[in-house]
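With these hints in hand, go ahead and build the complete structure from the sequences.
Residues per chain, in single letters:
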Amino acid sequence: YYPPLRPVRSRWLALASYSVMCYLAGVAWFMGLAFEPFTLRTYMSENAMGSTMVEERFPAGERALATGREFAAHKKKVGGMPVDWLVKTMQSRGLEVFTQSFTRKLPFPDENKERYMVRGTNVYGILRAPRAPRTEALVLSAPCSEGNNNNQAVGLLLGLAQYFRSQIHWAKDIIFLVNEHDLIGMQAWLEGYHHTNTTGGDWSPLQGRGGSIQAALSLELSSDVITSLDLVLEGLNGQLPNLDLANLFYAFCQKIGVLCTIQGKLQRNDWDTTSGYSHAAQTMMLMVLKQASGRPWGDHGLFLRYHIEAASIRGINSFRQYKTDTTTIGRLLEGMYRKLNNLLERLHQSYFFYLMPSLSRFVSIGYYMPAFGLLAVILLLRALDLWVQLGASPPGTEDGVAGGVQVSYGPSSPGVLSILTPVVISHMTGVALYTLPILSQEMAVQHFPVSETEAVVLTAIAIYTAGLALPHNTHRLLQGEGTEEGWRVLKLVALLYLAVLLGCTALINFSLGFILALSLVPIAAFITPHTPKALSAAIMVLLSPGCTLLYCVFVFQELQETPVSLQDGWMLFLSVISQGILDHALYGSLVYPLLALLIYPCWLLLWNILFWK
Amino acid sequence: MAAHRCNIFMLVFVLCGLTYVFVRADIEDTNHVKDAESVAVDIARKANIGASLRSTKTEDQTQAAEKERQWEAETNPADAPSDNKADHVHDTMQNLDSRPAPYAKDQTQEAAEEERQWEATEVKEADHVPDTMQTPDVPPPTPAKDQFQEELVIRPLHSGDIYASFQFRTMWDTDFLRGSKVSHYRLFPKSLGQVISKFSVRELHISFTQGYWRTMQWGQPFLPSPPGAELWVWFQDTVTDVDGAWKELTNVLSGIFCASLNFIDSTNTVQPSASFKPLGLGNVTDQRFLRYAVLPREIVCTENLTPWKKLLPCGSKAGLAVLMKSEKLFHSSFHSQALHFRPVCQDWKCKSTVWELRQTLNVVFDLHTSGQGKREWSLFKMFSRTLTEACPLASSSKVYVDVTDNPQGELFELSPTTPLLSQAVVLGDRRTYSVYDLTNQATFGQTRSLNMLLRWRAAESGDMLRPLLHGERYVAGYGLQTGEIHTLMYNNHPYRAFPVLLLDTVPWYLRLYIHTLTVTSKGRDNKPSYIHYQPSKDRLRPHLLEMLVQLPPNSVTEVTMQFERALLKWTEYTPDPNHGFYVGSSVISALVPSVVAMDTNSTRECPLFSSFFPCKEESSYFMRVYTEPLLVNLPTPDFSMPYNVICLTCTVVAVGYGSLYNLLTRTFQVEEPSPGLAKRLANIIRRLRGVPLL
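For the record, the sequence lines run as chains A and B.
Here the first sequence stands for residues 1 to 613, numbered as in full-length UniProt numbering.
Here the second sequence stands for residues 1 to 694, numbered as in full-length UniProt numbering.
Just so you know, the hints here were simulated from the structure itself, not pulled from any lab data.
Note that the Cβ used here is the ideal one computed from N, Cα and C, for glycine as well.
Errors might be hidden in some of the hints.
Here are the computed distance ranges between Cβ atoms for each label pair [said to hold, decoys possible]: (1) A:Leu496 with B:Asp576: 56 to 64 Å; (2) B:Pro642 with A:Ser204: 41 to 49 Å; (3) B:Thr520 with A:Ile508: 31 to 39 Å; (4) B:Pro552 with A:Ser101: 41 to 49 Å.
Structure, rendered in structure tokens:
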């Protein structure tokens, strides 16, 4: 017994209007998250870090800068990491010093950082806490970068090491790490520390450890005085540290009187003006885009995999009048470490899933998930509609007219084969997109006048584009005509598949899930073989994952107030693709495989439906 | 009548007072005699250098020898008493000269080489020789039934830190097993004695440690101990219910030491089969009478120190114990206090046993946190006290300062200087000590107080000889499902392999996959020659793994084992579940080839004939190394808001909505009057027959 269905046309209209409403509501909800009255003020949840008073007395900023200059001189002399000098300096400050060497061959040359065969050494010194049994540790790291960057960070790190060493109140070992080749060195060190090997790097085992690491800060400082400190939170695969770490940083910036930013943006108090709102929205959008990229945005990003709360602190020197000296930054770090040292448990009280429209405001998972939910519900509504249609399809229904097209039901229900073929073929294309660019780079370099990096990126784009020709080829494999019921079943599968994919993605990395949903949900909702082919195809291509990435590049540049021309934007797009592939190969970022192996095939299924015969 | 009684009381009181005075005088006399004896030892040294070497060994309570004995006891328990005999030869000081010194001649040359130093000693000693010359003629008094010795060893470490080790030894010839008959206590702490006799304890070793001994920076400690609290007890073989006695004993000790030893239960108690053999006399090796437990989380502070100090005969009123001020002792890098109770030989013939109670306290003071960064140490800087007297009850009271690396005073300067030197083989290494005898008033000098000062001459102290054995442990992997425990054992000996015993106790909530156990050295599989594994039982007992592994020379041996993290019941989580759960230290026990033996071909000048065969006694020594404890995070539910909300809502739903729903949906019926007896009977029969009821 089926209840009488509403006329197909009116049902279609109702559904379309619901879908549009949901979509608009989702977008509006998301944009509303940046509006200050809708957000919560950050607060310290961890009692162990909250009420305890800490005095910051770090005095030796000037000496730290001198050490930094000495470090720079040795770095220039050696032409890289001055390992011996660092070892000696750390030892003289009373640390237990160890080194770790690592080598890494990239799958193809990294043109942004100009490296291919990477060989380096990490140096770290452990300050052993008195009367502590080596069970817990904190990490302070500074990268040893090329050129004149981050010398002050290393100087300050050594200065803090010396100062911390003379204090008795440490309850956790503190590891002072100077890592070479930024993230590659950090990856080697972390894998050495935890004795894992996820990406096939080659590193020497670590000699000294300090137990389970509770928190880590990475320091980047390239000038003697700074105007503000920027906090970087986004880590690998869009993981974020516990919000309490951001709160701690903010609390100390307030206490000591240092300007602090997030995404390079100061917070403003004029939330009720348009410019105030758009400032907050920009800050949040930047965070969303950075998180969606799934790459570590600072050296801290790799710690998060090991459940170590970590953030990068970056000194920024702009043209403001108000300057902060190194002693003050040292005091800020001292305060933060003293409080982290007071921790009795790992940071767990506050949120792990949040967005920040400013450093003092946050949006928790409970507030932002409805925005995604409103988009995802469209897919489910559509799927339900199709399900009902398929269930109600036996002959004898009152009207078979939909959109002026005669619906002809095939004599037999579509075989599994007719559904399975496009599914399998799209996924094969996805696998090709995932594997071929790196495998075929040598061949491409031999036959075309391009560099390895270009070869990889262009191969990826070529395979991606070649996928567009699939529907024609898929049908050759099929016996006979595709039925009307066939595409409905295929679309049902595609809708549910997409809903599950996006849902899971959004749970882990909300930003990525939301951006993909923004572009994929409209086409998934409205695509049928009966829509106008040329227009639909154009829209589909414009909303495909690749093009979404291109828009994101432009939007990101725009938000960072460094707009680029189309030409530069395209070059940036190409480098983003190569970086994505490298991130996956080097650090195990999951965005590239997710897009290539799952999202792109799913989009191809929809493409197949458009060209269903 | 009342007055009469009062007189009697007065009489008794006076008698008691007199007795006390006599006894006291007697003790002091004894002490005096013993002073004389120890000086006599020094005289004897001059007479016969070889013999003196042996006697100085006595003064040191040679660690190595003890360790050796322990190992012997482990390997061949039946021989233990006879081995002990050799050592207890040294413990008796009376017939020092009459005994032949078997290897005296070998040592003569070496001593001669250091003659300058010894001569210097003689010159300074000369002034107080005459007044003690006559003492050797006095016949040794009959030994008291109990005696007390105290000593402090100060060892400057290469890192610039300083290591201070106190040892207090009480020996008592009594029989604790007679139960309540032991009632008169003099030097031995009564609270402990009663416990020992009640629970029929044969050996008891307890240690409280705050911090981790950094073997690579500090070398070997005299008495190793794991972070937290460690307790191991051998019961007499007359005890029938060992588990019951153990349970009660831990609770009693918990009270005595103000520690959480009551948390020792079956889930953290094991019975090691090989690693912890009795250190004292006796050939009981049945591990049924052994219990071993570690509480890695135990935090040691003043409240544990105070009861420990109270067990000393002089308390902290006199003697070396005055140095133990808690604000200084706990302003250090490492703090460990221990108590060892065991039976030992009474004399060198070892015809009867006495009970030995040894209380030790080890502290390492940190150079950097002690302010100013000046490489300078004094008793006052370390303890904010100086020494003014020995404990009047002590038969010997000495302070040793390790001057091995400082023969000419080029490394540091020690003041006041002391004429006495002593040599001992400690942990396989031949060490030289400056000795300050506190029972000798001359030690305190004009100021009536002793405040040793060590002032470094060189900014850098030379390289330390790498410890031959050390261990490390860590948890590998990430995520909350599985993990891997890695234990690294380093053999730094350049050419000698030696076997070690590894003991691992892992709580049940880490489910060990024992099939993943691998032991590799130098990249190759290293098959253990002995494995004793006792699997855990959930909520009942921990995993116990003991292995005998041969460590190849100059190598790292890695033992790995995978585990799965169990999901606990929600009441089983600690109040701070996100801190993680502790896994106690592994214990590595080994018979390590001695550094002295390694030295035979080195540049140190010694006669050729003395160094061809490394002498047996010194060729290897027993050593125990503890690895760091582990902190492992288990999958933890979010105990905060959502969890509370769920609990609360469920309660509200169950209680409030449930009963309302029940009321609303229940159909009410008028109850029928109960059927008569005949009908009920008929129904029973019908039910048996399977026919519908009436």
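Here is how each hint holds up against the structure:
Taking the beta carbon of each, Leu496 of chain A and Asp576 of chain B are about 43 Å apart, not inside 56 to 64 Å as hinted. For Pro642 of chain B and Ser204 of chain A, the hinted distance range of 41 to 49 Å is satisfied, since their beta carbons lie about 44 Å from each other. Between Thr520 of chain B and Ile508 of chain A the C-beta distance comes to about 37 Å, which sits within the given range of 31 to 39 Å. Checked against the hint of 41 to 49 Å, the pair Pro552 of chain B and Ser101 of chain A fails, with Cβ atoms roughly 24 Å apart.
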